[in-house]
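Trainee: If you want the building blocks of each chain, they are given just below.
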Amino acid sequence: MYETSYQRPTSIDEAVKLLGDSDGEGKLMSGGMTLIPTMKARLAMPTSLIDLRHVAELKGISFENGRLKIGGGTTHAEIKADATVKQHAPTLSYLAGLIGDPAVRHMGTIGGSVANHDPAADYPAALLAMGATIHTNTREVVADDFFTGMFETALEENEIVTAVSFEPPQAAGWEKFRNPASRYAMAGVFVAKRADGSVGVGVTGAGNAGVFRWKEAESALGSNFDGSALDGLSLSANDMMGDMHGSAGYRANLVKVVTKRAVASAKR
Amino acid sequence: MSQVSMTVNGRKVSGECEDRTLLVHFLRDNLHLTGTHVGCDTSQCGACVVHLDGKAIKSCTMLAVQASGSDVTTIEGIANGQDLNPVQTAFKEHHGLQCGFCTPGMIMTITDMINRHGSDLDEETVREELDGNICRCTGYHNIVKAALDAASKMGTPQQVAAE
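Chain order of the listed sequences is L and C.
Position 168 of the first sequence, counting from 1, maps to 168 under this note's numbering, and the rest follow consecutively.
Position 92 of the second sequence, counting from 1, maps to 92 under this note's numbering, and the rest follow consecutively.
Hints should not be assumed to be uniformly reliable.
[Stated by the list, open to error] One side of the interface only, derived from the structure: several residues of chain L facing chain C at Cβ under 7 Å:
id: 1; residue: M1
id: 2; residue: Y6
id: 3; residue: P9
id: 4; residue: I36
id: 5; residue: P37
id: 6; residue: D101
id: 7; residue: A171
Simulated from the structure, these hints should not be mistaken for lab results.
Idealized CB from N, CA, C, for every residue including glycine.
Given the sequences, and given the hints that come with them, work out the whole structure.
Mentor: Laid out in structure tokens, this is it:
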């Protein structure tokens, strides 16, 4: 790891100031579950690390006015175990429990995952499918506008993901086809039957521009919420990632298979 | 360089280290607690698992400065003198180790599992939650047996927490 300096703010304002002071060379760190391995591999060399783990404003889960809101600093383990999440969005609780392993889930946070937008991260698929809103220290952005490309988001410099919020879906399913070695999604699909009756389908691990919505599947499932509604549909291999673990053509087919499984498993 | 202070196995410790020093290296090199191992160094194998404020974490994926102010428990801190803790005893009784390299991390991970699930811990959960701990000798069966045996002896999470 290259040399760096560590800073520990206790408020969002302090974190923003420290980030501004770093002249673009500093990085925010939430759980560090992606950033520290990246720094160990010398693929990142921030001159300062701004640790968000002690910022109380970023933590907590609440249900108000029909929306579930989860603070950016909430860990995967907390989302998995939280009674409010289990009550209103059990599928998101299930999703959180399949991220990494228990030690990673104790540190990794939803805000970190969302801000990093790894092309195989799990939460972005759920947030797109549910039509969630991403809250930052300066504004609110709908998920559709937030995830702009692989490892790219609408975040400006000095902007911090403070929370995500969404209206709980009527029913949802999450299916992750994991790479047997890395356990990352080769295709992960979150299907949500939203409160207004429309269907959202968020796909991670497969697209060559990061997470995406499979809109043809959404329309088909909107009129018939059953896997058979997808029979006539196909995805283009041109939009998929291809690597040593699976070709783009393989992933295009896999997304369809996994989407059917997600629909079959969908429950309240 | 930063001054780092934490409680390790009930003892207040402090030391100076570079901000980029990993917690596992601080434990091993500064505190000479070499029971915590470095296996893969890429967050996958779990040989470095310790407890931070009561929760299992990978000490190769955390900076020592991040842990400053926290309570850390390592494999050296779980036995009561010469008396092994129930997870250690179960590993011995069920032949849950061969070369032993992964064992400190396995025991810290399984202790964390029992803290959360208590005697409700079942085989499927043990196998799923051992996702982040790799063993190259045992084939896992005896590790799973040891975890289930220890869970049945350590009781509910509440009882464990009260000990």
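Trainee: Of the numbered hints stated earlier in the document, which are not met by this structure?
Mentor: When the structure is compared with the hints, numbers 3 and 7 turn out to be violated.
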